[in-house]
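Construct all of the structure, not just a fragment, from the sequences and the given hints.
The primary structure of each chain is shown beneath.
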Amino acid sequence: MDVRMMLATARRVLSQLRHDHRSIAMILVVPALLLTAVYFLYENETLPPGMPRTFDRVGLMMLAIFPFVVMFLVTSITMLRERTSGTLERLLTTPVHKADLLFGYGIAFSLMAALQSLVATAVAYWVFGLDIAGAPGYVVLIAVINAVLGVALGLFCSAFARTEFQAVQFMPVVVVPQILLCGLFVARDRMNDVLEAISNVLPLTFSVDALQEIAAHAEATERLWQDAGIMAAISLGVLILAALTLRRRTA
Amino acid sequence: MSHSAASLTVTRSGGDAAIAAAALTVKLGRQPILHALDFTLPQGRITGLLGPSGSGKTTLMRAIVGAQRISAGTLTVLGLPAGTPSLRRQVGYVTQSPSVYPDLTVEANVRYFGAMHRKGKADMAEAIAAVGLGPLGRRKAADLSGGQLNRVSLACALVAHPRLLVLDEPTVGLDPVLRADLWDRFRALAEAGTTLLVSSHVMEEASRCETLLLLREGRLLSQLTPAELSQRGHSSNLEQAFLAVIREQEAYDGGSPPAQASTGSRDTGVTKQHGSVR
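Sequences listed follow chains G and A, in order. Numbered according to the working numbering, the first sequence spans residues 1 to 251. Numbered according to the working numbering, the second sequence spans residues 252 to 529.
In case anyone wonders, no lab produced these hints; they're calculated from the structure. From the three backbone atoms N, C-alpha and C, an ideal C-beta is built for every residue, glycine too. One should not assume that every hint holds.
Pair ranges (Cβ atoms, derived) [unchecked claim]:
(1) G:THR84 x A:LYS391: 16 to 22 Å
(2) A:LEU331 x G:VAL119: 48 to 54 Å
(3) A:ALA380 x G:LEU14: 49 to 55 Å
(4) A:ARG436 x G:LEU111: 35 to 41 Å
(5) G:ALA232 x A:ALA274: 45 to 51 Å
(6) G:THR36 x A:GLY371: 44 to 50 Å
(7) A:LYS391 x G:VAL168: 41 to 47 Å
(8) A:ALA380 x G:PHE165: 55 to 61 Å
(9) G:VAL119 x A:GLY444: 51 to 57 Å
(10) G:ILE77 x A:ALA274: 40 to 46 Å
Written out as structure tokens, the structure reads:
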């Protein structure tokens, strides 16, 4: 590990993104717009007294799902370009350590994810009055961990795609099942045993669980930290798997 | 092989070897790409790697920079087996298509690849100036012409001050003025002690090299100087000379005893398959 090379990589990835104003605008603005749509979708619901708004539940989970999906897509395409343009092969003939490259990517996109979730969370709280017990800082934290997970999975999946078209197809394979089974649509304890078992091992499940903890408790709970720890461990594991797909020498 | 034996002694006098190959064999899957190459390249010289497209030039270069696993034989680079991690500090590689980031400026590209070698701003400016792109430093790479992009790619290797510079067809697509300009820079680098291995399929460029490796269908036809090539091919035109050497080799293969002749025909079958795979 060489911190300077890692930071140089993060800086390079960010300045590549900086020249792409449209992507930055989409990363920052689209989640807020979708939250707006969700808010107005449930605007006229009638609730029994004491029941939380659907927006407080669904909107909150979306705050964690956005950075995951967006960072997965951005990372897998960026890394695929790096693989196909020859820059990756060239980098791997330099002294740079594979971990410096991957963590450089992780740092750059996590920064973007933090910005994204700050915008989305601010909109959720201040514009739509998101009402949960826990502090918004924890929501942002979980969103950033989710983004790192998206980055790690994107880096890993890019190894199995030869074209950008294929890379995008990994989204329905890797991302959509996690969104379906994370507890957003159906509470996990109401799923059948097979689906619940699958849901139990999918990373996004832990972030939804963590958000539910934040929603229900004013202070950080033991379970919140446990969920966050498991997600961080999964992200690290996937990053290591991604490192194994970077080959300095081809057979 | 018997042809090259005499010329080997010429180049071996150049001191410690920069690159030494012994029975170097590379296979992609089951396809042999390089067949038992033997050669030694001197340090601080420009060696031309010449041969038709598909002859294995890029594969040999990738093996030298450690990006290609070798199947058999040995390949020693600056005294160490190719692919040794410490060689990554000393070997620069410029791929055939410019491998730079199109969405970054020239400076950002060179600075980034420099950072991978712990080089700073001064090295970046020096490398950009060395390829004559000083005034374009703040331009985005995507906005440059093909020839300029090639030079950015070269600057990204020069910034590390490598002891060995491996350049895959660096002058392809350049106009004659730029090509001459680039060869002058290569010469200056060699005079400063850098070893250069430059591939080309343009035979006129061979005259600018001190040593030549002639590669054809994954076999080393010969290692000689440009003067020896024109002598052996009976032509001052190196392209004509190269063709004559190939014909001479074919006649030699064809005129050998049946056992060797059948080897020859099997080999052409293999290379045909190889050509269709690519």
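The hints, checked one at a time:
Against the hinted window of 16 to 22 Å, the Cβ-Cβ separation of THR84 of chain G and LYS391 of chain A comes to about 20 Å, which satisfies the hint. Checking the proposed 48 to 54 Å range against LEU331 of chain A and VAL119 of chain G shows it holds: the Cβ atoms sit about 51 Å from each other. In this structure the supplied range 49 to 55 Å is violated for ALA380 of chain A paired with LEU14 of chain G, their Cβ-Cβ distance being about 27 Å. In this structure the supplied range 35 to 41 Å holds for ARG436 of chain A paired with LEU111 of chain G, their Cβ-Cβ distance being about 39 Å.
Distance hint for ALA232 of chain G and ALA274 of chain A: a CB-CB separation of about 50 Å, consistent with the stated range 45 to 51 Å. Between THR36 of chain G and GLY371 of chain A the C-beta distance comes to about 47 Å, which sits within the given range of 44 to 50 Å. About 25 Å separates the C-beta atoms of LYS391 of chain A and VAL168 of chain G, a value inconsistent with the hinted range of 41 to 47 Å. Look at ALA380 of chain A against PHE165 of chain G: about 41 Å separates their beta carbons, and that is not inside 55 to 61 Å.
Take VAL119 of chain G and GLY444 of chain A: their Cβ atoms lie about 54 Å apart, and the range 51 to 57 Å holds. Roughly 43 Å separates the CB atoms of ILE77 of chain G and ALA274 of chain A, a value that falls within the hinted 40 to 46 Å.
Going through the hint list in order, the structure does not satisfy hints 3, 7, 8.
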